[in-house]
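Per the numbering used here, the sequence shown starts with residue 1, numbered consecutively.
Keep in mind that the hints were calculated from the coordinates and are not lab data.
It is possible that part of the hints are untrue.
Below, in silico cross-link-like pairs of lysine to aspartate or glutamate (EDC-like), each with a Cα-Cα straight-line distance of 20 Å or less [said to hold, decoys possible]: (1) K23 with E52; (2) K360 with E46; (3) K314 with D365; (4) K23 with E62; (5) K240 with E62; (6) K314 with D431; (7) K437 with E257; (8) K443 with D156.
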Amino acid sequence: MAQILMPQLGESVTEGTIAKWLKQVGDSVQKYEPIAEVITDKVNAEVPSDFEGVLTKILVEEGTTVAVGTPIAQIEEAGQQPVHADESIEVQAENGESAEARVTTEGLSRVKEQTSRVDVARPRFSPAVMHLLQEHGIDPSEISGTGLGGRITRKDVLAYLENRQITGRVQLTKTEEDLSSVAAPTKPATGPITFNETVQPSETVSAQPQNQLAQTLTGRSLREDETAIPVTPIRRTIAKRMLESKHQAPHAWTMVEVDVTNMVRFRERVKDEFKKKEGFSLTYLPLFIKAVVESLKEYPILNSEWAEDKIILKKQIHISIAVASDDALFVPVIHHADRLSVLGLAHAIHDLATRARAGKLTPADMSGGTFTVNNTGAFGSILSQPIINSPQAAILTMEAIVKKPVIMPDDSIAIRHMMNMCLSLDHRVLDGLVCGKFLAAVKKRLENMSADSIRLY
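Go ahead and model the full structure; you've got the sequences and the hints to work with.
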């Protein structure tokens, strides 16, 4: 009996949580076919089968966290179908064919039959669709697919959710109307109510529908104006990681303001030509990362991590970036970012962001980050205190670029494009002095970016 083990999902990952079984006991499994989704740090990863056969046993339930290397399922390989005693007795040699050979043939035929039946009964879903189905607890049989061969697409799921919300609002309005009539007092008030007044049975009955509306959530009852949202495995993992980071790393925070007027003017001048040549837009993020990696070379202590008895300096610079989709947050990594030009960084960011939103990132895409750059300004934020992406030593956010009146060195006032940079640091590793110098280095590089200093190609 072959066993599927919890895979190693990253360099520093020692455990994983089963988010969803994509196969059930009795289902046929092809080699390399995904059989389960496992939660990694902030993302889901599919676990492929190393064997072809039938899933005979699930050893780890959904929502359970186990160490890397722990058996999570058993598969009866296709070429090792067991011969049951009763089958051996019934099989008789006919036309010179041995009983053993026929049993094997019948076993394989049964597997093929199961495969065919299961494939028809259990359509495959893309990771994006699977995420939506899981998060909202939707039975896929309730949705009519409009994709090729009736396949359910992400658009189908979103349309279903929108219709469900409309229906839910209609039902809620109706329920409120019903409650208002049921809960109406059956006895008119005749005077002030005292605390010693005995509650009449009719009043108890009228309160029951309201109590039935309240749902209990881990010891806390919901009021009528509250709604419970189930915690998905990925949200639970994010919460766990954030809590661990805040508990383990003493966070400190600092911020500087940067005049990026020259950089903005440069981008405005080249963005149309860039899009025409490359097929996607030139954002500010590759310019930010270029300035950051050059500054990390100057102050390598920020590219490090705490290891209790030592501080580990990273020789390679791998930049983690945050990519948000409609229903999840991904943190893929630009490996060897210090070896890339602005054009190379732009392509790497575009590739990772595109695959993240399509649910096509691999565990390797998310592993190995040594420093995180978060472009929170894309959402209009002007100030933030990011939580460190543990075990990294620091995280830097680039806030929104806004026009502001600024007093120039010659005491004149000018309208400039200004941006805040916010740095959260692990105070076990870093102190204010070196972080201040690092931020000053990034600031200087960004403020000096212009057509004369930036090399796109």
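(message) Under the constraints set out in the numbered hints, which ones does this structure not fulfil?
(response) 8
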